[in-house]
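Listed below are the residues making up each chain.
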Amino acid sequence: MNPLPAPRALEQFFLEARCKLLDLAGILDRVGRGADLDSLTADARTEKIHKALGILMSAAPNKAELIQKLFSLAYDPEWKRPSPRF
Amino acid sequence: MKYIDPHIHMISRTTDDYQRMAYAQCAAISEPAFWAGFDRGTAAGFHDYFRQLTEYEPRRAALFHIKHYCWLCINAKEAENVSLSREVIAMIPEFLSKPNVLGIGEIGLNKNTANEATIFQEHLDLAAKTNELILIHTPHLEDKYKGTRMIVDMLKNDPRVKPHRVCIDHVEEHTVKLALDGGFWCGMTLYPTTKCTPSRACDIIEMVGTDRIMANSAGDWGKSDPLAVPELIQEMKRRGHSEADIKKVVFDNPLTFWRQANNWKEWPPEPSLNGAVPQPVKAGY
Ligand SMILES: [Zn+2]
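Line by line, the protein sequences are chains A and B. Counted the way numbering that gives the first Met the number 0 counts, the first sequence spans residues 0 to 85. Counted the way numbering that gives the first Met the number 0 counts, the second sequence spans residues 0 to 284.
Just chain A, with the same shape it has in the complex (with noise of 0.2 Å):
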């Protein structure tokens, strides 16, 4: 399965980035235009929201796993599992 050449997957795909990045600074500015504002700073959202901002700027080839992953409870190995019953 090969991807598109890079410059063909920007240029088919350049309109569909602008268009969510608007989309995403709309949401943003409307969260920020609300009363209580403030109240969001304590919110765990607004900074998962932050950190995934800061995986779309690097450079890791896996971004929309990371970001999944950073909106993911966490889980626990040792979490305690039922029996097969035989």
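Quick caveat, the hints were computed from the structure, so don't treat them as lab data. For each residue, glycine too, the CB sits at the ideal point set by N, CA and C. Just so you know, not all the hints are guaranteed correct.
What the hints assert, rightly or not - Cβ pair distances, simulated, as ranges:
1) Tyr-55/B with Gln-11/A: 37 to 47 Å
2) Asp-28/A with Gly-40/B: 37 to 47 Å
3) Gln-233/B with Leu-20/A: 21 to 31 Å
4) Val-30/A with Lys-222/B: 14 to 24 Å
5) Pro-60/A with Gly-182/B: 20 to 30 Å
6) Lys-19/A with Tyr-55/B: 18 to 28 Å
7) Gln-51/B with Ile-26/A: 33 to 43 Å
8) Asn-262/B with Pro-60/A: 18 to 28 Å
9) His-163/B with Asn-61/A: 25 to 35 Å
10) Asp-35/A with Asn-262/B: 54 to 64 Å
11) Met-0/A with Pro-268/B: 27 to 37 Å
12) Thr-129/B with Ala-34/A: 18 to 28 Å
Got chain A sorted already, so can you dock chain B with the ligand onto it with the hints?
Just chain B with the ligand, lined up with the frame of chain A:
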């Protein structure tokens, strides 16, 4: 291009959707038992639902020459009620020999609770006893990664589970390798806002390849698109992928997985354009 939607809840969709899916060349679908949008109060409610999935819905699909298969279980959300779940699980064997039943599903986790895990394991016990295929729902959003890890833990903890007879559904960027590396099949769900878009599904295919992976719409009572799989076909074409690769994901893979089902009957061969009758492909895997 002909395609299969291996996960769609047609009882929540209109007959017009069947019509449009037929126009888009949908050859077959499978409909997992799921949460109806409200908690059912009795096992009898599930009995009626299983009759709808095994008797009525295949006939409605057949009006549009779409083959209808289904999966039976009590879904993860209602599995929180352990006593009701046990009544429903006890009723499932009565339906397993119905010709359109592919196996047990969509079992899984929703909020990753102890009760959900108990009932997931009890479904695995049933599937092991009856040697059924298994279709697995993984949780939504922030619960998905943790829940998928827990599901894989339970599957690996049960030596009776054969990974090639299990499909882990609703995988995304952070869970697809958990399924594939465990030897399981996996499904990507093309669903607005909460799951995968066709573009991201195509990205995932570019990253992990086309083996043991399929795509579905999970069309249901929520805002969803029963034509999401054709949209993925378009996206893959737009990225220059070959017809063979696209067909593998949207047709061959779900069919190969389904062919392992106990009730499987090969589809009658379709005459080719010159009148020669092609031989059906042997069940493989
Ligand atoms: Zn579903």
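- Task: Give me the numbers of the hints this structure contradicts, sorted from smallest to largest.
- Result: 6, 8 and 12
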